[in-house]
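J.: Residue numbers (my numbering), protein chains in the order written: chain A, 1 to 342; chain B, 343 to 655.
Incorrect hints may appear among the rest.
Covered by chain A, according to a simulated footprint, are these stretches of chain B (three or more residues, beta-carbon under 8 Å) [said to hold, decoys possible]: (1) 550-563; (2) 613-622.
Here are the simulated distance ranges between beta carbons [to be verified]: (3) A:S50 <-> B:V472: 53 to 59 Å; (4) B:M511 <-> A:R26: 47 to 53 Å; (5) A:G127 <-> B:R382: 27 to 33 Å.
These are calculated hints, taken from the structure and not from any lab test.
Virtual Cβ for every residue (Gly too), placed ideally from N, Cα, C.
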Amino acid sequence: MSRPGSETPLLRVRGLEVSYRVGVRRHMAAVRGIDLDVRAGEVVALVGESGSGKSSAARGILQLTRPSAGTVELSGQELTAIRGRELRRARRDAQMVFQDPYSSLDPSMTIGEAIAEPLVVHTRDRGDERRRKVVEMLERVGLHAHHADRYPHEFSGGQRQRIAIARALVLRPRLLVADESVSALDVSSQNQVLSLLSELIADLGLACLFITHDLAVVRSVADRVAVMYLGTLVEQAPTEELFAAPRHPYTAALLSAALVADPRIQRTRERIRLSGELPDPRHPPTGCAFAGRCPYAAEVCGDVPALRALDDGRAVACHRAEEVVVELGASALRTTTITRER
Amino acid sequence: MSLVDKPDGLLPPAVESAPVEEHGPALVPARHESPGRRFRRRFLRSWVTRLALLVLAAWLVTAIAASWLAPHDPLAQDLQARRLPPGSPDHLLGTDTLGRDTLSRLIFGARVAAQAAITSVTVGLVVGVVPALVAGLLKGWWDAVFSRAADALLSFPPLLLALAIVGVMGPNLTNAMLAIGIVFVPRFYRIVRAATLSVREETYIEASRSIGTPTHWLLRRHVLPNVLAPLAVQISIAFGFAILAEASLSFLGLGVQAPDPSWGSMLSEGRAAWFYTPWPLIVPATTIVLCVLACNVTGDGLADSVGRERGRA
Numbered sequence: 001m002s003r004p005g006s007e008t009p010l011l012r013v014r015g016l017e018v019s020y021r022v023g024v025r026r027h028m029a030a031v032r033g034i035d036l037d038v039r040a041g042e043v044v045a046l047v048g049e050s051g052s053g054k055s056s057a058a059r060g061i062l063q064l065t066r067p068s069a070g071t072v073e074l075s076g077q078e079l080t081a082i083r084g085r086e087l088r089r090a091r092r093d094a095q096m097v098f099q100d101p102y103s104s105l106d107p108s109m110t111i112g113e114a115i116a117e118p119l120v121v122h123t124r125d126r127g128d129e130r131r132r133k134v135v136e137m138l139e140r141v142g143l144h145a146h147h148a149d150r151y152p153h154e155f156s157g158g159q160r161q162r163i164a165i166a167r168a169l170v171l172r173p174r175l176l177v178a179d180e181s182v183s184a185l186d187v188s189s190q191n192q193v194l195s196l197l198s199e200l201i202a203d204l205g206l207a208c209l210f211i212t213h214d215l216a217v218v219r220s221v222a223d224r225v226a227v228m229y230l231g232t233l234v235e236q237a238p239t240e241e242l243f244a245a246p247r248h249p250y251t252a253a254l255l256s257a258a259l260v261a262d263p264r265i266q267r268t269r270e271r272i273r274l275s276g277e278l279p280d281p282r283h284p285p286t287g288c289a290f291a292g293r294c295p296y297a298a299e300v301c302g303d304v305p306a307l308r309a310l311d312d313g314r315a316v317a318c319h320r321a322e323e324v325v326v327e328l329g330a331s332a333l334r335t336t337t338i339t340r341e342r
Numbered sequence: 343m344s345l346v347d348k349p350d351g352l353l354p355p356a357v358e359s360a361p362v363e364e365h366g367p368a369l370v371p372a373r374h375e376s377p378g379r380r381f382r383r384r385f386l387r388s389w390v391t392r393l394a395l396l397v398l399a400a401w402l403v404t405a406i407a408a409s410w411l412a413p414h415d416p417l418a419q420d421l422q423a424r425r426l427p428p429g430s431p432d433h434l435l436g437t438d439t440l441g442r443d444t445l446s447r448l449i450f451g452a453r454v455a456a457q458a459a460i461t462s463v464t465v466g467l468v469v470g471v472v473p474a475l476v477a478g479l480l481k482g483w484w485d486a487v488f489s490r491a492a493d494a495l496l497s498f499p500p501l502l503l504a505l506a507i508v509g510v511m512g513p514n515l516t517n518a519m520l521a522i523g524i525v526f527v528p529r530f531y532r533i534v535r536a537a538t539l540s541v542r543e544e545t546y547i548e549a550s551r552s553i554g555t556p557t558h559w560l561l562r563r564h565v566l567p568n569v570l571a572p573l574a575v576q577i578s579i580a581f582g583f584a585i586l587a588e589a590s591l592s593f594l595g596l597g598v599q600a601p602d603p604s605w606g607s608m609l610s611e612g613r614a615a616w617f618y619t620p621w622p623l624i625v626p627a628t629t630i631v632l633c634v635l636a637c638n639v640t641g642d643g644l645a646d647s648v649g650r651e652r653g654r655a
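Please model the complete structure; the sequences and the hints are all you need to start from.
T.: Put into structure tokens, the structure is as follows:
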């Protein structure tokens, strides 16, 4: 899917910082300066553990929380510089599917009304035309026309997420941000919704920022992966290369924590166990944020490592990235039986 | 969009077609009940609520059709027929000290009470709800201003506030209704603001914002429908309070002016001779109790039938 990187990306994020107020005149930086590009038609996964700032990054990108610093450009338009009506108009091109399918649909609106809402806000479609688009979208996500007159409480989690997807795609946006969109679902509907999502992304040629903590999911949908740790990006690489040979010790630990479907391999695998917890983002450690838990930590790690480009087009924020490669027995991970849907 | 609620709606014909097969019939909800019907089923479940609704309906019909229903002119005095007990041939509920027909006065009093209740609740809603939605959704500066104003109004005992307002504006029915309406403003404000605060945290508000929905649409299409439930409960209780407040003001001579009938002024007139003829006092008093009770029971019924369904207790 990914195209040559020479063209300007659809989404261009530079130095994004998102912080929240905690108490009086104190702020907590959830995202501490990230750079990220998503090209047209590309699926980029943003991964990281809970509290790493993935969702805050998504909210900052879509201007649901105003970033405290940095710029976000969507098709050349700087979202961080506009507001009011102009921003609302720009939202048409970037839609979002939320994590919780139970609270992301208004209980007082029928499904048809919910899916039609973007059309009402952004288009002049009326009556039959609007209805036609809603029904088309409903069928596209595997539901039926007669569901349009029902209410959210009559549907299961998986169905609701399909509805949320229909609503996000009815305007044919260029970018879809999926924030943990399947993690609230049980495994069987997870797979269905996931394959639906990747099918639609491919069909409509969407770019997608896919936020998740589930590496199995990443592998099945993403072209490229960006790994977040404590509000910063620690590694960026094409999916297969990242899984084959992680360069950042944190990525390596994440991969080794993922379960392998084959129990024989799973039993014999050597896991990298991280000590400690994610540091408190209100008091981020000085130097490399990961150093406190890193098996490779050394004296150089007292300095903040910049995200540097490696020669193979990947980027990593680690002083000792070159040494990490050898020691991880990532070959076992290759045998994970996750089939790519596309 | 028409309601599809036919049996064939439950089993979609498209089950056979390949792409939707895996999420075909199993995904279709078993039972489809529109919110309106669900509400009615739950609301009318208890006979107490049904009775209360009947009382309210009777009250409103009486208020509207007062001129046709009343057997006599409520102001006509008949000094030949004073202090008749209920059950007298021409005066079903008897007469007062001036020989006026109690039933007729009661019927016209119902009209005054209904007017007062509807007007004051409307005033309270119009003035209270919009600031509450704005304050709840936007918080910050607007919230601070509106909420302090509401607190200021709330710091007065309700009837005292109404008395003060009528005192300033002059005693008549219109002013009494406005005064009661102003008493309602901070109460509606508080309810709606609190509900809005909880609704605004729902993801569907953010989801709609992410689509690009303007704020006033958010308020109208997402917030208002979802705060309507607690508001409806408050409204029906406010109706009860309005009846009581109008009666109180009229009793004190600050609402309806003599000789016009109101349940409150009837009480005040009946008070003088209650030891000899209690009927002119008992009849309006009972009516007030009945109507206020009906309003409160309806409010409880509403509270039980909106929101999440609980098992039958």
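J.: Look at each hint and say if it fits the structure.
T.: Going through the hints against the structure:
1. With 9 residues bearing a CB less than 8 Å from a CB of chain A, the stretch 550-563 of chain B meets the requirement of three and the coverage assertion stands.
2. Interface restraint, the stretch 613-622 of chain B with chain A: violated (0 residues with C-beta to C-beta distance below 8 Å; minimum three).
3. A C-beta distance of roughly 39 Å is found between S50 (chain A) and V472 (chain B), which places it outside the suggested range of 53 to 59 Å.
4. The hinted range of 47 to 53 Å is satisfied by M511 (chain B) and R26 (chain A), whose Cβ atoms lie roughly 50 Å apart.
5. About 29 Å separates the C-beta atoms of G127 (chain A) and R382 (chain B), a value consistent with the hinted range of 27 to 33 Å.
In summary, the structure is inconsistent with hints 2, 3 from the numbered list given earlier, while agreeing with the others.
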